[in-house]
Structures are given as structure tokens and as C-alpha cells.
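Chemist: For the sequence shown, our numbering gives the first residue as 71, with consecutive numbering after it.
Please keep in mind that the hints were generated in silico from the structure rather than gathered at the bench. Each statement offered as a hint is correct.
Straight-line C-alpha distance at most 30 Å; calculated DSBU-like pairs for lysine-lysine: (1) Lys88 <-> Lys100; (2) Lys72 <-> Lys131; (3) Lys121 <-> Lys131; (4) Lys100 <-> Lys72; (5) Lys120 <-> Lys73; (6) Lys82 <-> Lys131; (7) Lys121 <-> Lys88.
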Amino acid sequence: MKKIQIYTEFIKLDQFMKLASLVTSGAEAKNMILEGCLFVNGQSCTQRGKKLREGDIIAFKEQQWIIENENHAN
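Modelling step: build the complete structure from the supplied sequences, incorporating the hints.
Modeler: Right under this line is the structure:
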């Protein structure tokens with residue numbers, strides 16, 4: 071499982087996709103999200119603006135990422 075560091079309370083799903091290099095544009099992210107290609111905490115997610123917080127797990131195909139908040143690191 072890969073880790074994605076954020077420095078704010080949350081990151082929106084479409085922004086996460088760009089940060090994780092899954093897409094190169096917002097339009098590409100929107101299409102993939104609307105097709106139900108991504109899973110958040112085991113549930114298919116079609117909300118572009120879904121807020122991802124520390125501990126959330128995102129899955130796409132055979133890959134998984136966990137959100138970590140740098141501000142809460144030990």
C-alpha cells in the first residue's frame with residue numbers, strides 16, 4: 071500500500087488522483103470517478119468532491135493508497 075501525504079485536514083478525491091499521478095487533468099479525473107473506477111474505504115465512490123482524510127484507503131485496480139496527514143505525524 072502506498073502512502074499519500076497531505077498537509078491539510080482533507081484532500082478532495084479528484085485532487086488526490088492528480089497527486090497520485092493517476093490522471094493528468096481534472097476532466098480525466100471526473101470521468102474516472104463518474105465511471106465508479108475508484109473505491110474509498112471499500113465503497114465505490116462517484117463523488118468528485120469527496121473529502122479524503124487521514125486513514126482513508128483509496129483503491130484503483132490492483133493499487134491501494136492510504137492518506138496520511140503530515141501535521142499529525144509523530
